[in-house]
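Let's have the full structure, built from the sequences with the hints guiding it.
Protein chains in written order, with numbering that gives the first Met the number 0: chain A, 0 to 277; chain B, 0 to 270; chain C, 0 to 330.
Please keep in mind that the hints were generated in silico from the structure rather than gathered at the bench.
Treat the hints loosely; a few may be bogus.
Negatives, chain B to chain C, calculated, CB over 10 Å [what the hints assert, rightly or not]:
1. Ala14
2. Ala62
3. Gln82
4. Gln85
5. Leu90
6. Leu99
7. Thr102
8. His135
9. Leu159
10. Val182
11. Gln187
12. Gln198
13. His208
14. Arg247
15. Ala251
Cβ pair distances, simulated, as ranges [unchecked claim]:
16. C:Val241 <-> B:Arg190: 29 to 39 Å
17. A:Ala157 <-> B:Ala56: 26 to 36 Å
18. B:Gly73 <-> C:Glu222: 42 to 52 Å
19. C:Val102 <-> B:Glu194: 47 to 57 Å
20. A:Leu269 <-> B:Gly225: 16 to 26 Å
Since this is a predicted model, take the numbers as computed values, not measurements.
Ideal Cβ placement from N, Cα and C applies to all residues, glycine included.
Here is how the chains run, residue by residue.
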Amino acid sequence: MSALRLAMRRDPAGSLGALLVLLLLGFAMLGPLVAQHPPDAIALARRLQPPSALNWLGTDELGRDVFARLAHGAWPSLMAALLVVGTTVTLGTLLGAFSALLGGLADAVAMRIIDVLLAVPALVLAMALAAALGPSLVNALIALVVVRLPVFVRLARAQALVLRSRPFAEFARLAGAGRWHVLRHHLLPNLAGIMVVQGLMDVAAVILGAAALGFIGLGAQPPSPEWGGLVASGRHFMADAWWLSLFPGLALMLAALGFNLLGDLVRDVLDPRQEPAP
Amino acid sequence: MTPLVISNLTVCRRADGRVLIDGLSLSVAAGEVVGLVGESGSGKSLTAMAAIGMLPAGLQQEAGSIMVAGVPLGGLATAALRQLRQRTVSLIFQDPMTALCPTRRIGAQLADVLAVAGCPRTDRVARAMALLADMHLPDPAMLLRRYPHQLSGGQRQRVLIAMAFSASPALVLADEVTTALDVSARAQVLRLLVERARQMGSGLLFITHDLGAARHCCDRILVMAGGRLVENGPAAQVFGQPASPEARQLLAALPERAVPRQPLPVGGGLQ
Amino acid sequence: MLRRLAATLVVLLGVSVVTFVITQLVPSDTARLVAGDLASEARVAEIRQELGLDRPLPVQYATYMQRLARGDLGVSIRSGRPVAEELAEALPATVELALLAFVIILINGLLLGSLAALAAGRWPDHLIRLLSTMMISAPTFWIGLVLIALCFGQLDLLPAGGRLSPELVPPVAITGLYGLDAMLAGQWRLAGDVVTHLLMPALTLALAASGSAARLVRASLLEVLQEDHVRRARVAGLSEWVVLTRYALPNALVPFITTAAILLADLLGGAVVTEAIFSWPGLGSYTLEAVAGLDFPAIMGFTLLAALFYAAANLVVDVLYGVVDPRLGPA
Numbered sequence: 000m001s002a003l004r005l006a007m008r009r010d011p012a013g014s015l016g017a018l019l020v021l022l023l024l025g026f027a028m029l030g031p032l033v034a035q036h037p038p039d040a041i042a043l044a045r046r047l048q049p050p051s052a053l054n055w056l057g058t059d060e061l062g063r064d065v066f067a068r069l070a071h072g073a074w075p076s077l078m079a080a081l082l083v084v085g086t087t088v089t090l091g092t093l094l095g096a097f098s099a100l101l102g103g104l105a106d107a108v109a110m111r112i113i114d115v116l117l118a119v120p121a122l123v124l125a126m127a128l129a130a131a132l133g134p135s136l137v138n139a140l141i142a143l144v145v146v147r148l149p150v151f152v153r154l155a156r157a158q159a160l161v162l163r164s165r166p167f168a169e170f171a172r173l174a175g176a177g178r179w180h181v182l183r184h185h186l187l188p189n190l191a192g193i194m195v196v197q198g199l200m201d202v203a204a205v206i207l208g209a210a211a212l213g214f215i216g217l218g219a220q221p222p223s224p225e226w227g228g229l230v231a232s233g234r235h236f237m238a239d240a241w242w243l244s245l246f247p248g249l250a251l252m253l254a255a256l257g258f259n260l261l262g263d264l265v266r267d268v269l270d271p272r273q274e275p276a277p
Numbered sequence: 000m001t002p003l004v005i006s007n008l009t010v011c012r013r014a015d016g017r018v019l020i021d022g023l024s025l026s027v028a029a030g031e032v033v034g035l036v037g038e039s040g041s042g043k044s045l046t047a048m049a050a051i052g053m054l055p056a057g058l059q060q061e062a063g064s065i066m067v068a069g070v071p072l073g074g075l076a077t078a079a080l081r082q083l084r085q086r087t088v089s090l091i092f093q094d095p096m097t098a099l100c101p102t103r104r105i106g107a108q109l110a111d112v113l114a115v116a117g118c119p120r121t122d123r124v125a126r127a128m129a130l131l132a133d134m135h136l137p138d139p140a141m142l143l144r145r146y147p148h149q150l151s152g153g154q155r156q157r158v159l160i161a162m163a164f165s166a167s168p169a170l171v172l173a174d175e176v177t178t179a180l181d182v183s184a185r186a187q188v189l190r191l192l193v194e195r196a197r198q199m200g201s202g203l204l205f206i207t208h209d210l211g212a213a214r215h216c217c218d219r220i221l222v223m224a225g226g227r228l229v230e231n232g233p234a235a236q237v238f239g240q241p242a243s244p245e246a247r248q249l250l251a252a253l254p255e256r257a258v259p260r261q262p263l264p265v266g267g268g269l270q
Numbered sequence: 000m001l002r003r004l005a006a007t008l009v010v011l012l013g014v015s016v017v018t019f020v021i022t023q024l025v026p027s028d029t030a031r032l033v034a035g036d037l038a039s040e041a042r043v044a045e046i047r048q049e050l051g052l053d054r055p056l057p058v059q060y061a062t063y064m065q066r067l068a069r070g071d072l073g074v075s076i077r078s079g080r081p082v083a084e085e086l087a088e089a090l091p092a093t094v095e096l097a098l099l100a101f102v103i104i105l106i107n108g109l110l111l112g113s114l115a116a117l118a119a120g121r122w123p124d125h126l127i128r129l130l131s132t133m134m135i136s137a138p139t140f141w142i143g144l145v146l147i148a149l150c151f152g153q154l155d156l157l158p159a160g161g162r163l164s165p166e167l168v169p170p171v172a173i174t175g176l177y178g179l180d181a182m183l184a185g186q187w188r189l190a191g192d193v194v195t196h197l198l199m200p201a202l203t204l205a206l207a208a209s210g211s212a213a214r215l216v217r218a219s220l221l222e223v224l225q226e227d228h229v230r231r232a233r234v235a236g237l238s239e240w241v242v243l244t245r246y247a248l249p250n251a252l253v254p255f256i257t258t259a260a261i262l263l264a265d266l267l268g269g270a271v272v273t274e275a276i277f278s279w280p281g282l283g284s285y286t287l288e289a290v291a292g293l294d295f296p297a298i299m300g301f302t303l304l305a306a307l308f309y310a311a312a313n314l315v316v317d318v319l320y321g322v323v324d325p326r327l328g329p330a
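If you want it as structure tokens, here you go:
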């Protein structure tokens, strides 16, 4: 308890982030149980009702309960982001470490490809990819992985190059260990920490990216209650039914805020050399 | 008015209450060059910081008083302290490579200092050139348009000395000003510094590791150890017959002379 | 410099390959799209041959590059007009929006970042950190909707979209930026109308980047404030304002330049969502419509243009560094 209070005083924003993420997880797990209505129960008689005791956050244009849809959309929205980040971290670490280990032509070609991918605005590339693959949640996630991957590959490669020249890896190589051995026993374990922190810092951006694709219509397709899609479908009722877009957007912002603040906190704890956030 | 009088100064670290300066008393007279020597961590630099009202965060003045040209620093308002720094006291930093702003021309940085010292706008260029010429810097007009990275370390330190003396301050604190310089530049910078202080009649507190330099150019030597003043006397006396064991130990490092083997009666400092 | 230019060209070439590959991923049949749903199989095959879609991929790419070298970005599938022409028409609106957003970001970043750094560790710092992180965390599209609902729907202060009120005639094109053109022509009421239309989209577009800019300036400034030359300036009795504006900020902003240039390129190439919400007739809206209509020549044209902005921004950064940091400039 006192440790908590100390954390609160030393880094109030970071603590708020941790709290928000916990609340988000709690909402994703308990929300569907608490909701009074199923997320897809159409009740045309009760369409576009403002928030009330019966429908906590109001109803949409088909009379569906906004709270229920928000609660059922939490898990997919969150899992989609975590899935993308998990994939980019894993793939990025492996590709980066390989590239560093192989060196030579393969490494040079890989880095030029990264340069090219980074030369196109992320959202534009994701849009073009998602559009080419066809609008669906899976394709949107694939597009996001492609867009976020280059940064992770670069980071992993740079870190692997540093690690490779450290005495323990040098020694293992001199002792006759093969590339695979060095990769598995020396590079990957040491890379994991920094890559996971970087991944955590990226969760918020991916949540927002997925929501933006959903908003444009390139993500999860209706009637899925993915949050970005919820904001989009409420868009045309903004004037008389503000609750439709307001709450999903607010939920998105709080989720992203939580992960951003938590990411700062973890980075500060693990890497005190960097200028700590206040 | 005596440029600097410190009496019974005690400075502690706030976190653990460790005493860093312990009941220090010293003074610097007008026109006097006083050398402050001691090992690293003995509190020399901290004394200079305290004398210009710039104790690092986390440190606290527990007791004692500091008077700069008759003005007590304790409880001085920010504006008054700033004014004191503009006209009465200046500090020269150790490393000339980092003490000048890299993106600002020498002339502009000199003009900033002259401006707060009350020099009218129209006179600043002429004054700045005169100051640089006094420091025997070649082609002052050209120098004013230079950026710091285009100057050598010795030249930069001379620019910084010129700045420090620009308002004819009563007191100048020089913190290891030759340490970061090439050996070839040290003697010249040292000579210019002392010469300038004597010309202006400023009191100069010369903090250094370089015992040879201190002996060579100081009227009086102070030796600090463990936050306390252990020795205070004319250079010849301190170097010839140091009274305290700490001073003897420190001076033993000086190659040119042997420290007397026979311990002299310890007089508890000669303040 | 020549090597940088060469590297830039290689990257742009790579982008052209990427965009080309993406179009090949499309499951839909371009020829069918052009011909329309009602066209006969024979007609579709004819179009396929006309567009060269029946030839092997490398040949198609070579043809594409040949035309690209002449500045020909192909013909839009939706309108049948040259993509280059359509992009050129949409560009000024985006430039106008991006420039205003850019200015807002710089001001926000400087103000919030400096304030936070000067109050480091105290409550204004915590507050600004929370605020700037909230800016980064807010979904752009949602903020746009909320602004419209508030400023247009509830308060009726600002128009909801478009570049100009429908009853007004655009100013004579000089720069293509309505605001600037109107002012140059002395049409002040027109300029005012342009500004009211610009305000909300520019704010929306600027929000997230303002947060990042504030954080960046804060971190950079905190570092510089600890440096010797800043401490020396303070000890010399210079006022806090002079220390901040002439000694600390100029140095703190050097690393910010890279970010700023890339940011401008990003604003030019990434205003898709904002433009869509505010019906802003710029590159973003154009691209979104192209995506909806699977108009791949248009999408590729835009992607290439965005990459071009990035490449140009990187070159500008190199030049700017020399100007801002005298250590890197010509001796």
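Now for the hints, and whether the structure bears them out:
1. Ala14: The assertion about Ala14 of chain B holds, with a minimum of 15 Å to chain C.
2. Ala62: Per Cβ check, Ala62 of chain B is outside 10 Å of chain C; nearest 24 Å; holds.
3. Gln82: At about 7 Å from chain C, Gln82 of chain B fails to clear the 10 Å cut-off, so the statement is violated.
4. Gln85: 3 Å, violated
5. Leu90: Violated: least Cβ distance 5 Å, not greater than 10 Å.
6. Leu99: The claim breaks: Leu99 of chain B does not keep its Cβ more than 10 Å from every Cβ of chain C (closest is about 6 Å).
7. Thr102: 5 Å, violated
8. His135: About 22 Å separates His135 of chain B from the closest Cβ of chain C, which puts it past 10 Å; holds.
9. Leu159: At about 8 Å from chain C, Leu159 of chain B fails to clear the 10 Å cut-off, so the statement is violated.
10. Val182: 22 Å, holds
11. Gln187: With a cut-off of 10 Å, Gln187 of chain B remains clear of chain C, as the shortest Cβ separation is near 21 Å.
12. Gln198: It holds; Gln198 of chain B is separated from chain C by about 20 Å at its closest Cβ, greater than 10 Å.
13. His208: Its Cβ never comes within 10 Å of chain C, the nearest being 18 Å, so this holds.
14. Arg247: 34 Å, holds
15. Ala251: 33 Å, holds
16. C:Val241 <-> B:Arg190: 29 to 39 Å: Holds, since Val241 of chain C and Arg190 of chain B (Cβ atoms, about 32 Å apart) stay within the stated range.
17. A:Ala157 <-> B:Ala56: 26 to 36 Å: 35 Å, holds
18. B:Gly73 <-> C:Glu222: 42 to 52 Å: 32 Å, violated
19. C:Val102 <-> B:Glu194: 47 to 57 Å: 53 Å Cβ-Cβ, so the 47 to 57 Å window holds.
20. A:Leu269 <-> B:Gly225: 16 to 26 Å: Given a distance of about 38 Å, which is not inside 16 to 26 Å, the answer is violated.
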